[in-house]
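A.B. asks: Sequence:
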Amino acid sequence: MTWLPDSLADFAPATLAALMIGAYLVLGEPFVGWVLHRRFEAAVRVAPEARRWLYGRLLLLEWGLVVIVAAVSLVAARVGWSELGLRWPDRIGLVTGFVVVVILAVTVLSVRALRTGVLREAGSESAALRSVGSLLPRTGSERRLFSVVALTAGIAEEVVYRGFGIAMLAALAPALPWWGLVVLAGVAFGLAHAYQGLAGILTTGLLGSVLAAVYLDTGSLLVPILLHALIDLRFLSVPADVMPGAGAAATPSPAAGSDASAQAAEDGDAPGRNDTRPIDFRRRP
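FYI, our numbering numbers position 270 of the sequence shown as 303, with every residue one higher than the one before it.
Honestly, the hints are just simulated from the structure, not real lab data. Hints may be right or wrong, so weigh each one.
[What the hints assert, rightly or not] Estimated spans, in silico, between C-beta atoms of each pair:
1. Pro272 to Trp212: 36 to 46 Å
2. Pro272 to Pro46: 49 to 59 Å
3. Ala146 to Arg85: 21 to 31 Å
4. Leu107 to Leu142: 15 to 25 Å
5. Leu49 to Leu93: 42 to 52 Å
6. Val139 to Trp212: 30 to 40 Å
7. Gly173 to Gly61: 51 to 61 Å
8. Leu60 to Trp96: 16 to 26 Å
Built from N, CA and C at the ideal position, the CB exists for glycine as well.
Modelling step: build the complete structure from the supplied sequences, incorporating the hints.
C.D. replies: What follows is the structure, given as structure tokens:
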């Protein structure tokens with residue numbers, strides 16, 4: 034891990050900016066994600082186009098973080114693209130080979146399970162599955178935009194959480210062993226998915242640690258980016274009618290839909306049954 038910075042001085046003269054980004058990833062991102070998802074779940078009940086709205090916000094947020102991290106790396110004296118993992122792998126070791134095989138197997142098995150609908154009923158019992166299920170695309174236009182979101186997550190989240198995040202951890206605690214970096218990187222990534230509940234935090238935290246281990250094993254973000262994108266893109270092969278949470282989000286009963294629309298209209302948060310005004314997603318649901 035000789036490419037990692039060993040002191041905060043390596044980020045000078047952008048040290049303060051780097052610390053602020055690190056603090057945001059640990060403290061701010063979980064809150065922003067929770068608020069954004071809460072607004073989305075309230076809006077999607079009466080406005081299916083809310084899903085595209087959320088995808089757009091996610092793209093802006095994630096690429097915005099990449100731009101900020103890139104700006105810091107351009108200003109920092111000894112932290113450039115290479116120190117953030119944007120280089121060719123030094124090697125492909127046993128750890129990486131094992132992780133690749135496991136993730137490929139889990140991806141195939143999870144797609145088969147989702148396509149049969151066995152997880153749809155489980156979604157009604159799991160906050161994590163309901164949260165993920167509501168995010169997944171239903172229509173052709175949503176699927177096209179979701180593919181961009183999935184590729185963006187693979188690139189942006191690896192650059193920000195594994196590349197920049199681990200560089201910051203190494204600079205703050207130079208004596209921290211590799212496994213400490215792996216664990217803390219996983220914790221930060223899990224907290225970013227706090228809107229999925231405890232199960233979601235643990236699952237994504239484990240994934241974050243696994244991808245961090247691959248990064249440290251290869252010295253490059255290339256393999257983590259490819260694996261991360263594959264994990265997210267797998268949902269494109271799942272029909273909308275068997276997705277976790279799809280029943281409630283995509284095909285609500287007439288009575289439920291009428292009640293939700295009427296209540297939303299009374300509250301002033303959404304148009305009524307005969308109201309053709311567009312929903313203003315800038316308002317808090």
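A.B. asks: Hints first: check each against the structure and report whether it holds.
C.D. replies: Right, here's what the structure says about each hint:
1. Pro272 to Trp212: 36 to 46 Å: holds, 40 Å
2. Pro272 to Pro46: 49 to 59 Å: holds, 53 Å
3. Ala146 to Arg85: 21 to 31 Å: holds, 27 Å
4. Leu107 to Leu142: 15 to 25 Å: violated, 42 Å
5. Leu49 to Leu93: 42 to 52 Å: violated, 24 Å
6. Val139 to Trp212: 30 to 40 Å: For Trp212 against Val139, whose Cβ atoms are near 22 Å apart, the range 30 to 40 Å is violated.
7. Gly173 to Gly61: 51 to 61 Å: Violated - the Cβ-Cβ distance for Gly173 and Gly61, about 34 Å, lies outside 51 to 61 Å.
8. Leu60 to Trp96: 16 to 26 Å: Because 21 Å falls inside the window, the suggested range holds.
Of the numbered hints given earlier, the model fails hints 4, 5, 6 and 7; all others are met.
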